[in-house]
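We have chain C; now place chain Y onto it with these hints.
So you can see what is in the structure, the chains are spelled out below.
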Amino acid sequence: MILVLLQGVLGAAPQLLALFTQAKAGQAVSTTQVAQVLSQYGIDRAVFAAAIAKAEAAAGMGQTATSSS
Amino acid sequence: MRPFLPALLLLPLLLCDACTTATTAASGTAPPTALQTFDALYANAVQAEDLVLVTSTSALNSKFISATQAKKILSVLDSVKAALDAANAAAQVGSIGSATGNLAAALGPIAILSSCLTSKPLTIAIFETCAVKLTPAVIS
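First to last, the protein sequences are chains C and Y.
Just so you know, we're using our numbering here: the first sequence kicks off at 1 and counts up by one.
Just so you know, we're using our numbering here: the second sequence kicks off at 1 and counts up by one.
Next up, chain C with everything else stripped away, as it sits in the complex (with noise of 0.2 Å):
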């Protein structure tokens, strides 16, 4: 199930994965970059792509919300 959500709000908000792309490969991210990121993209946005996915994972659909935004 988390890995559900989690991989509706990624697919949502592709900025987001690459934030944490950058910090794997063990560069820092700096909290402005996620602000920016978080305020380009809208987080009632982000919020409602994890809603769907919840939604989906519990009716066992096995398909994530994304948004092209």
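Derived from the structure by calculation, the hints contain no laboratory data.
One should not assume that every hint holds.
[Said to hold, decoys possible] With a cut-off of at most 25 Å between alpha-carbon atoms, the simulated BS3-like pairs for lysine-lysine come out as follows:
#1 Y:72 / C:54
#2 C:24 / Y:72
#3 Y:120 / Y:72
#4 Y:72 / Y:133
#5 Y:63 / Y:120
#6 Y:63 / Y:133
If you're wondering where the values come from, they're calculated on a predicted model, not measured in any experiment.
Coordinates of chain Y only, in the frame set by chain C:
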């Protein structure tokens, strides 16, 4: 259960005012302060789009709409956001026609969604029927 419903009920008034002013601006009789007016309309539209997002999330969590319907809403709202971004970009370079056209394109789906999400009672079946005419915003 639906904390954002009262605010969403104000959307038709907001959108009605926005459409009227946008039409005036597009007709070539826009006053000298048209860009300032656009800024206010744009800000209201962005706020309305976000309100639909929040209300849709609440409706989905309450199982008033299905995950499939929610995915359609998200897809349409993505097109709305693209139209709003295009409208804002056009306004920044003084292209009033493109700005108001894209703003109007964004407002259409927002108006339909706000109407459908405030259906009483709101059920999956009722939303499905209400949202038949819901189509993505088309950027001009």
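Do the hints match the structure? See the list:
For the suggested pair residue 72 of chain Y and residue 54 of chain C, the alpha carbons sit about 16 Å apart, so the restraint of at most 25 Å is met. Pair hint residue 24 of chain C plus residue 72 of chain Y does not hold up; C-alpha atoms about 33 Å apart against a cutoff of 25 Å. A threshold of 25 Å between alpha carbons decides the hint, and for residue 120 of chain Y with residue 72 of chain Y the separation of about 21 Å falls inside it, so the pair holds. Among the hinted pairs, residue 72 of chain Y with residue 133 of chain Y is consistent with the structure: their alpha-carbon atoms are about 12 Å apart, no more than 25 Å.
With a C-alpha separation of about 14 Å, the suggested pairing of residue 63 of chain Y with residue 120 of chain Y holds against the 25 Å cut-off. Our distance criterion of 25 Å between C-alpha atoms is met by residue 63 of chain Y and residue 133 of chain Y, whose separation comes to about 22 Å.
In summary, the structure is inconsistent with hint 2 from the numbered list given earlier, while agreeing with all the others.
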